[in-house]
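Please build the complete structure, drawing on both the sequences and the hints.
2 protein chains.
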Amino acid sequence: MKTLDLKTCAIHTMTNKPWSLAQCIDAYASAGVAGMSVWRNVIEPIGIAEASRLVKQSGLKIPALVRGGFFPALSDDVRAKAMFDNKTCIDEAAAIGADMVVLVVGAVVGMPLTEARKQVADGIAKLLPHAQANRVKLAIEPLHPMYAADRSCINRMKEARLVCEQLKSPWVGIACDAYHVWWDPDLESEIELAGKQNTLMAFHVCDWRPNTRDLLNDRGLMGEGAIDLKTIRRWVERAGFDGMIEVEIFSTEFWAMDQQAYLKKVCDAYLQHV
Amino acid sequence: MKTLDLKTCAIHTMTNKPWSLAQCIDAYASAGVAGMSVWRNVIEPIGIAEASRLVKQSGLKIPALVRGGFFPALSDDVRAKAMFDNKTCIDEAAAIGADMVVLVVGAVVGMPLTEARKQVADGIAKLLPHAQANRVKLAIEPLHPMYAADRSCINRMKEARLVCEQLKSPWVGIACDAYHVWWDPDLESEIELAGKQNTLMAFHVCDWRPNTRDLLNDRGLMGEGAIDLKTIRRWVERAGFDGMIEVEIFSTEFWAMDQQAYLKKVCDAYLQHV
Chain A
1 MKTLDLKTCA IHTMTNKPWS LAQCIDAYAS AGVAGMSVWR NVIEPIGIAE
51 ASRLVKQSGL KIPALVRGGF FPALSDDVRA KAMFDNKTCI DEAAAIGADM
101 VVLVVGAVVG MPLTEARKQV ADGIAKLLPH AQANRVKLAI EPLHPMYAAD
151 RSCINRMKEA RLVCEQLKSP WVGIACDAYH VWWDPDLESE IELAGKQNTL
201 MAFHVCDWRP NTRDLLNDRG LMGEGAIDLK TIRRWVERAG FDGMIEVEIF
251 STEFWAMDQQ AYLKKVCDAY LQHV
Chain B
1 MKTLDLKTCA IHTMTNKPWS LAQCIDAYAS AGVAGMSVWR NVIEPIGIAE
51 ASRLVKQSGL KIPALVRGGF FPALSDDVRA KAMFDNKTCI DEAAAIGADM
101 VVLVVGAVVG MPLTEARKQV ADGIAKLLPH AQANRVKLAI EPLHPMYAAD
151 RSCINRMKEA RLVCEQLKSP WVGIACDAYH VWWDPDLESE IELAGKQNTL
201 MAFHVCDWRP NTRDLLNDRG LMGEGAIDLK TIRRWVERAG FDGMIEVEIF
251 STEFWAMDQQ AYLKKVCDAY LQHV
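As given, the protein sequences belong to chains A and B, one line each in that order.
In terms of my numbering, the first sequence is residues 1 to 274.
In terms of my numbering, the second sequence is residues 1 to 274.
Incorrect hints may appear among the rest.
Since copy identity is lost for identical chains, a pair holds within one copy or between any two.
[Claimed, not checked] Heads up, simulated DSSO-like pairs for lysine-lysine below, C-alpha to C-alpha not over 30 Å straight-line:
#1 LYS2 with LYS265
#2 LYS158 with LYS196
#3 LYS158 with LYS168
#4 LYS118 with LYS230
#5 LYS118 with LYS158
#6 LYS230 with LYS158
#7 LYS81 with LYS118
#8 LYS230 with LYS7
Please keep in mind that the hints were generated in silico from the structure rather than gathered at the bench.
Here's what the structure looks like:
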């Protein structure tokens, strides 16, 4: 297994939530991190034109804009609004030169998950022409089952695969985030299958803390939890994945730290534990 | 689908954590609830002889003693201690006339889940003669994937089924808790299969709250969350399950209420939403 360096690494701006886009760019570039995935909340205060200018002059590679999705809804109006937002998301991805938009597909309390997944497939199908026209890929991110009620009706690689198989487009694939799928007994075989089907678009890393204190914002640094990231990386690489490895950590605890010191820990953990 | 009454209902003593065993018995019997599953923490302060006497004179049916398990460990010594505890657990189940011991099978941070599952199957195999001799069933409870790091390496009905298929004993089966498995795309087919294999030993209900605040103690009352309990009950009954339906709610919020008023809400929610 090859030794990693920071040329393979992209950090999600949300990892350093207290920072602006400009601060992320300066810090990542100075640290030698080669890539950055951009969350929309850092674009919003400065606008897409300025964001695009900053990103392009940074020289950083941009695997993803994060995030689109949230397709299922109880009314046509809400679904139409989601479609509009998703098209804007693709436009922004194209403007900053991102390879893909990550899709958190959505779920609606009270709607059967099977119906929600149908609406997800329908929504992505409708979005595809716009994605293809802009040469932006759409990466379905299966979310941990603890988000099945209200954030994502796709909770395993398998259900993401079923949507990909239905839509059969090179512009639709899967973002494999270890935090969400590490527990899945079918993970190895699904990663292998995604490799064969050319749908493995992204690999996200962080760690699962024992005694997690919060369902959203208590992710761990790589190496401080239960996930065997090196084994999952081996599966992902064996499946042919050669993109950047993206660090995505949401943590109230780490957001309260000095972000420069924290970035150093992120980089060290990446080199040691992924 | 038949209308439920409280003669089908058993409540886990942990649902009313502030109460002693005697208080649970009085309150459940007065409310017309026909069954009770007993957690070991209410036995401990009074001893098994007194607990057995109280339970037997109550007339309540006792589906389960909760809980045994925690088989995987890093050393033989720790595994031997778990085996001792599990035998005691079976003895206590027999003493209070419980049909089964519920198994939370365990997991160890850093141990691959596949290895942990192997140790679970080995542990249950070793425990089986004692269970059979005492005529106490062992019910493997798949736990939600959010507990995969440190509480349970069995997170879907399927992995519980694989252990049952390996051990092939009428004394080993599955406790299907809607809270843990409601999100599983294979739930319906696995329940059907468990029915055919005569392994469906228990059906537990509560609800999954949107924006769950705590991974352990923020379960919802039936009807206030995302789980379609009536549909799951239909699957379970179609699979031939005719045991009691067990209410098991851990909730810091509800434990702070007047427990008599809370029990009324539990019974109403059971009749209305299961």
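To see whether the hints hold, each was checked on the structure:
For the homomeric pair LYS2 and LYS265, the shortest alpha-carbon distance inside one copy (21 Å) is at most 30 Å, but the shortest distance between copies (58 Å) is not. When the C-alpha separation of LYS158 and LYS196 is checked against a cutoff of 30 Å, the pair qualifies both within a copy, at 14 Å, and between copies, at 25 Å. Both within a single protomer and between protomers do LYS158 and LYS168 lie at most 30 Å apart by alpha-carbon distance, with minima of 15 Å and 29 Å respectively. For the homomeric pair LYS118 and LYS230, the shortest alpha-carbon distance between copies (22 Å) is at most 30 Å, but the shortest distance inside one copy (34 Å) is not.
Proximity of LYS118 and LYS158 under a CA criterion of 30 Å is satisfied in both settings, with 14 Å inside one chain copy and 24 Å between copies. Taking identical chains as interchangeable, the C-alpha atoms of LYS230 and LYS158 lie at most 30 Å apart whether they share a chain (22 Å) or sit on different chains (26 Å). Taking the closest pair of Cα atoms, LYS81 and LYS118 come within 30 Å of each other only inside a single copy of the chain (18 Å); across copies the shortest separation is 49 Å, beyond that limit. In this homomeric assembly, LYS230 and LYS7 come within 30 Å of each other (Cα to Cα) only inside a single copy, at 17 Å, whereas the closest approach across copies is 52 Å.
In the structure shown, no violation is registered for any of the earlier numbered hints.
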